[in-house]
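Assemble the complex: chain A is given as a structure, and chain B must be docked to it using the hints.
Residue numbers (our numbering), protein chains in the order written: chain A, 2 to 687; chain B, 104 to 370.
Keep in mind that the hints were calculated from the coordinates and are not lab data. Worth double-checking, as some hints may not be accurate.
Stated by the list, open to error - Negatives, chain B to chain A, calculated, CB over 10 Å:
{"no.": "1", "residue": "150"}
{"no.": "2", "residue": "203"}
{"no.": "3", "residue": "228"}
{"no.": "4", "residue": "247"}
{"no.": "5", "residue": "249"}
{"no.": "6", "residue": "258"}
{"no.": "7", "residue": "262"}
{"no.": "8", "residue": "293"}
{"no.": "9", "residue": "299"}
{"no.": "10", "residue": "302"}
{"no.": "11", "residue": "303"}
{"no.": "12", "residue": "332"}
What the hints assert, rightly or not - When the alpha-carbon atoms are kept at most 20 Å apart in a straight line, the in silico SDA-like pairs for lysine to any residue are as follows:
{"no.": "13", "chain 1": "B", "residue 1": "231", "chain 2": "A", "residue 2": "174"}
{"no.": "14", "chain 1": "B", "residue 1": "231", "chain 2": "A", "residue 2": "167"}
{"no.": "15", "chain 1": "B", "residue 1": "196", "chain 2": "A", "residue 2": "306"}
{"no.": "16", "chain 1": "B", "residue 1": "196", "chain 2": "A", "residue 2": "592"}
Glycine residues also receive a C-beta, built at the ideal position from the N, C-alpha and C atoms.
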Amino acid sequence: MSTFITYLIPGVPVGCVYALMAVGLVLCYKTSGVFNLAFGAQAYVSALVFYLTVESLGWPIWAGALVAIVLVSPAIGVGLDRLLFRHIRAAPSLVKLVVALALLIGIPTTMKLLFGSATRLNPPSIIANANVVYHFGSYYVSRGDVVTVLVTLVVVAALGILFRYSEIGLHMRAAVESPRMLQLSGISAERVGAFSWGLSSFLAGLAGVLLAPLFSRVSSLDFTTLLVSAIAAAALGSLTSLPLTLVGGIVLGIGQAVLTGYLPLNSVLATGLRPAFPFVVLVVLLLVMPGLRGAMEVTDPLSGCDPPPPPLAASVRDPRLDRVARIGFPIFLAVFVISALTWVPSFWVFILTQGLAFSIMFLSITVLTGMGGQISLCQAAFAGFGAFTAGQLAMHLGLSVIVGALVGGVIAAAVGVLVAIPALRLGGIALALATLAFSLLADNVLFPLGWLGNGATGVTVPRPAIGPISFAGTRAFFLLALVALAICSTIVIMVRRGMTGRYLAAIRGSELAASTVGINVAKQKVIVFALSAGLAGVGGAVYASTQGSVSPTDFNYFFSLVFVVLVVTTGVKTVEGAINAGMAYVILAQLLSYIPDHPAWLQRFSGIEILLFALGALGYVIHPEGVVEFQKRFWTERIARMLDRFGSEEGEAEGKDASDGLGSPVAGMFPAVPRAPGGSGDAGGW
Amino acid sequence: MSSELIEQAASGVGAAAVAPVLLDVDSVEASYGPYRALFGVSFKVFEGSATALLGSNGAGKSTVSRVVSGLVPVTSGRITFGGQDVTGMPAWKIARLGLAHAPEGRSVFGSLTVLENLRLAFRRSLGKDAVAAALDAAFSEFPRLRERQSQLGGTLSGGEQRMLALAKVLAVPPRLLIVDELSLGLAPKIADEVFERLAAIRSRGTSLLVVEQHVGRALELADTVVLLAKGLVSYEGPVSELGDLAHQVLPAGDGRQRGRNGTASDA
Numbered sequence: 002m003s004t005f006i007t008y009l010i011p012g013v014p015v016g017c018v019y020a021l022m023a024v025g026l027v028l029c030y031k032t033s034g035v036f037n038l039a040f041g042a043q044a045y046v047s048a049l050v051f052y053l054t055v056e057s058l059g060w061p062i063w064a065g066a067l068v069a070i071v072l073v074s075p076a077i078g079v080g081l082d083r084l085l086f087r088h089i090r091a092a093p094s095l096v097k098l099v100v101a102l103a104l105l106i107g108i109p110t111t112m113k114l115l116f117g118s119a120t121r122l123n124p125p126s127i128i129a130n131a132n133v134v135y136h137f138g139s140y141y142v143s144r145g146d147v148v149t150v151l152v153t154l155v156v157v158a159a160l161g162i163l164f165r166y167s168e169i170g171l172h173m174r175a176a177v178e179s180p181r182m183l184q185l186s187g188i189s190a191e192r193v194g195a196f197s198w199g200l201s202s203f204l205a206g207l208a209g210v211l212l213a214p215l216f217s218r219v220s221s222l223d224f225t226t227l228l229v230s231a232i233a234a235a236a237l238g239s240l241t242s243l244p245l246t247l248v249g250g251i252v253l254g255i256g257q258a259v260l261t262g263y264l265p266l267n268s269v270l271a272t273g274l275r276p277a278f279p280f281v282v283l284v285v286l287l288l289v290m291p292g293l294r295g296a297m298e299v300t301d302p303l304s305g306c307d308p309p310p311p312p313l314a315a316s317v318r319d320p321r322l323d324r325v326a327r328i329g330f331p332i333f334l335a336v337f338v339i340s341a342l343t344w345v346p347s348f349w350v351f352i353l354t355q356g357l358a359f360s361i362m363f364l365s366i367t368v369l370t371g372m373g374g375q376i377s378l379c380q381a382a383f384a385g386f387g388a389f390t391a392g393q394l395a396m397h398l399g400l401s402v403i404v405g406a407l408v409g410g411v412i413a414a415a416v417g418v419l420v421a422i423p424a425l426r427l428g429g430i431a432l433a434l435a436t437l438a439f440s441l442l443a444d445n446v447l448f449p450l451g452w453l454g455n456g457a458t459g460v461t462v463p464r465p466a467i468g469p470i471s472f473a474g475t476r477a478f479f480l481l482a483l484v485a486l487a488i489c490s491t492i493v494i495m496v497r498r499g500m501t502g503r504y505l506a507a508i509r510g511s512e513l514a515a516s517t518v519g520i521n522v523a524k525q526k527v528i529v530f531a532l533s534a535g536l537a538g539v540g541g542a543v544y545a546s547t548q549g550s551v552s553p554t555d556f557n558y559f560f561s562l563v564f565v566v567l568v569v570t571t572g573v574k575t576v577e578g579a580i581n582a583g584m585a586y587v588i589l590a591q592l593l594s595y596i597p598d599h600p601a602w603l604q605r606f607s608g609i610e611i612l613l614f615a616l617g618a619l620g621y622v623i624h625p626e627g628v629v630e631f632q633k634r635f636w637t638e639r640i641a642r643m644l645d646r647f648g649s650e651e652g653e654a655e656g657k658d659a660s661d662g663l664g665s666p667v668a669g670m671f672p673a674v675p676r677a678p679g680g681s682g683d684a685g686g687w
Numbered sequence: 104m105s106s107e108l109i110e111q112a113a114s115g116v117g118a119a120a121v122a123p124v125l126l127d128v129d130s131v132e133a134s135y136g137p138y139r140a141l142f143g144v145s146f147k148v149f150e151g152s153a154t155a156l157l158g159s160n161g162a163g164k165s166t167v168s169r170v171v172s173g174l175v176p177v178t179s180g181r182i183t184f185g186g187q188d189v190t191g192m193p194a195w196k197i198a199r200l201g202l203a204h205a206p207e208g209r210s211v212f213g214s215l216t217v218l219e220n221l222r223l224a225f226r227r228s229l230g231k232d233a234v235a236a237a238l239d240a241a242f243s244e245f246p247r248l249r250e251r252q253s254q255l256g257g258t259l260s261g262g263e264q265r266m267l268a269l270a271k272v273l274a275v276p277p278r279l280l281i282v283d284e285l286s287l288g289l290a291p292k293i294a295d296e297v298f299e300r301l302a303a304i305r306s307r308g309t310s311l312l313v314v315e316q317h318v319g320r321a322l323e324l325a326d327t328v329v330l331l332a333k334g335l336v337s338y339e340g341p342v343s344e345l346g347d348l349a350h351q352v353l354p355a356g357d358g359r360q361r362g363r364n365g366t367a368s369d370a
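Okay, chain A solo, but in the shape it has when bound (with noise of 0.2 Å):
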């Protein structure tokens, strides 16, 4: 009993801040409908001023506490809610989703261009004398330790008097339920708003700035546990209580600490679960809370004020542009192709390998976002379950990487089928965070593994042959990865042109809908996550094989964040849109690393794709349908309006034929609708 309570103590702390971020989560989600993943974002930045102030510019501690907690955080949130999320209050929860994801990437990455990405160490604490250790019999605790817990119940029990008893409060709860309803009693739900985005901005600063000291280090790394144990810890309070909330972290921290405590040191399961502790809870959570789906979705009375979402029109393409692709695109196949192959410098060649490898991976997020409407955090996750997959079979038995591909392939989707199968109880948010969980237990509990990922050392994976030819030259590889990404490519547009994609677009536009019609809504969604997860693992045996080696650090969370930021950037309904940003990634990574080392402070700008990237995706919001896919609709109908200024008789007469096919039944009905409105491109493209 004596050890457990030892093993106890450290958590509480902890706890009490996971609970202070979870009370910040849950406050925004309830009054703006947003799940704020950018808060663990938040937290580090106030932690990085915090530190910087202190540490770097000698500033007292109150004035740093000051300016990083009361100032920068608040303002963060509020400037955020002005600027986009404001904006975006009637979209669909995947698209707040997607801006939240984006600035959890990319508000590090500007950290850094600003400030240099060096982790700083043993960062001040904002208590005074935190070392000193108080003895309670044979138990002792630091004054730290017990100030973090004070603060934390005092925050927590204003919050809750604040709600319970003032003006603010009361108008707070009444914006939960219908910020027009609130609007409706004379009230600015706008300035409600903004204040609880300072409000819980302020949480999260103040988690930042207490979380730093107990890990003696300010990395973004930590913050993102941070966020996906507060994400636990409010899921444990059902999203709506306070008390539950506070309880529900402390009892995470306590449960992480005691179980660091009992298992074998330095042991898999000692240095994986702890950090994987919280999304195990939450993944069961989930799983085993059916009032929790409910709480998700917050439903507004006045919500007919919004327009619908837009119709699933096919977009239309002039006949005489669609001939000038049906030339055009094998022309540039072909000197792509044979440039690759002969003037193209051999490492030049092998970044475009990636690129292609890259452009497998984000077929996996076309298929599974843009054809199933799911969002999955966890691709990388399933690239990485398909690269060990190829490296270990080739590794001990001897099995050429084209087989290995394929077994990790169906592994990965075998591995996809376990995963979708609790996500057909949830989707939209929570399917979102249950893969997140399922990504971070696959980094730091399975890819560890000696016989999965080997842990840091990572697998080898060869370049596969075919009898005799041998794939192990650069260029040579780089047409099989063509070949490969070519048959992916028309998998993928098969099955979107067949019954499963049909079935899939009725699945979008109204689950319910598609389900009066016989549609089985959950077979369809396990058939795209499997589909989904084996294009990813295909993708990962591919980009194996590319690098020759391939560890855990490969497959990493984070890059499944940045792989759906990515590929909704470019366009997530399209195949062009994911190779576009398979290309993309590569390219601008390898420009980018051509900035020079000196002056030091050029360093900083390594990286910087992911913050154009992030960039990208907040374009989402004016253009669900994607940044590159958007600039091509626009460039197609503005030469199509060329060509019938300028064109011969013969196309006029082609073009307004497949104007009017489409415009005029929906124009008769909606005299305001323009021609094929935006956020559709599901019959058209390739």
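Coordinates of chain B only, in the frame set by chain A:
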């Protein structure tokens, strides 16, 4: 209120001298995303009058009420309320000018208690000190609400919810009250009671804009009618001149049930 005056007022020319215009909707267009709902709607509500806004399903009645209260933005046209241009003004500012809107369906906060619902309404308009007196007045008007004051709004019956919505309005009479489908889903007896309350609110000086699918009740209360069809005003004028027009424009079931014979056709 003399019906002659109203007739004169509603028929337009020189009316402003008799009863000033409270709400002036001038060729307003509105849409939900790409879908247009209103195609240049114009009508006026005069000070002290009760105007019924009638029309079949999808005619744009609710959109008109949302546009007026600022919930749905106007894409073109102008709305003037009490002489002030309110086009493009946020809903909360319009509400502060004295325009109350009880939207279709649930028009009280379901997650707040009855007491909190009322306090939310009274606190802003009356100030902290007057809240207690206003609560007392509301409860003596609706004794049923006093019994249920600590109950959540969402657990009240449909009729009680309507009463709560009206109790908010009674304490601080607005200049214009827009009620959207207030009788929807209510038992006939309760609906009668709701309409009696509306008449009482009107007698305290509040003008009414009554959006209804249930024509009979609305026409009994109103003195002016605005008839909407496909996003356009097809008739504007006094009830007495409406004649058989309602029967032509509206679905058969609604137009004929002029008595207080239930809401079966609405349900």
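Comparing the hints with the structure gives:
1. 150: At about 21 Å from chain A, residue 150 of chain B clears the 10 Å cut-off, so the statement holds.
2. 203: 7 Å, violated
3. 228: 7 Å, violated
4. 247: 22 Å, holds
5. 249: 20 Å, holds
6. 258: At about 14 Å from chain A, residue 258 of chain B clears the 10 Å cut-off, so the statement holds.
7. 262: At about 17 Å from chain A, residue 262 of chain B clears the 10 Å cut-off, so the statement holds.
8. 293: The assertion about residue 293 of chain B holds, with a minimum of 20 Å to chain A.
9. 299: 24 Å, holds
10. 302: Holds, since 22 Å exceeds 10 Å.
11. 303: 21 Å, holds
12. 332: The assertion about residue 332 of chain B holds, with a minimum of 16 Å to chain A.
13. B/231 to A/174: Measuring from Cα to Cα gives roughly 19 Å; hence the hint holds.
14. B/231 to A/167: Distance of about 12 Å is within 20 Å: holds.
15. B/196 to A/306: 18 Å, holds
16. B/196 to A/592: Between residue 196 of chain B and residue 592 of chain A the Cα gap is close to 52 Å, so the pair fails against 20 Å, i.e. violated.
Checked against the numbered hints above, the structure breaks hints 2, 3 and 16 and satisfies the rest.
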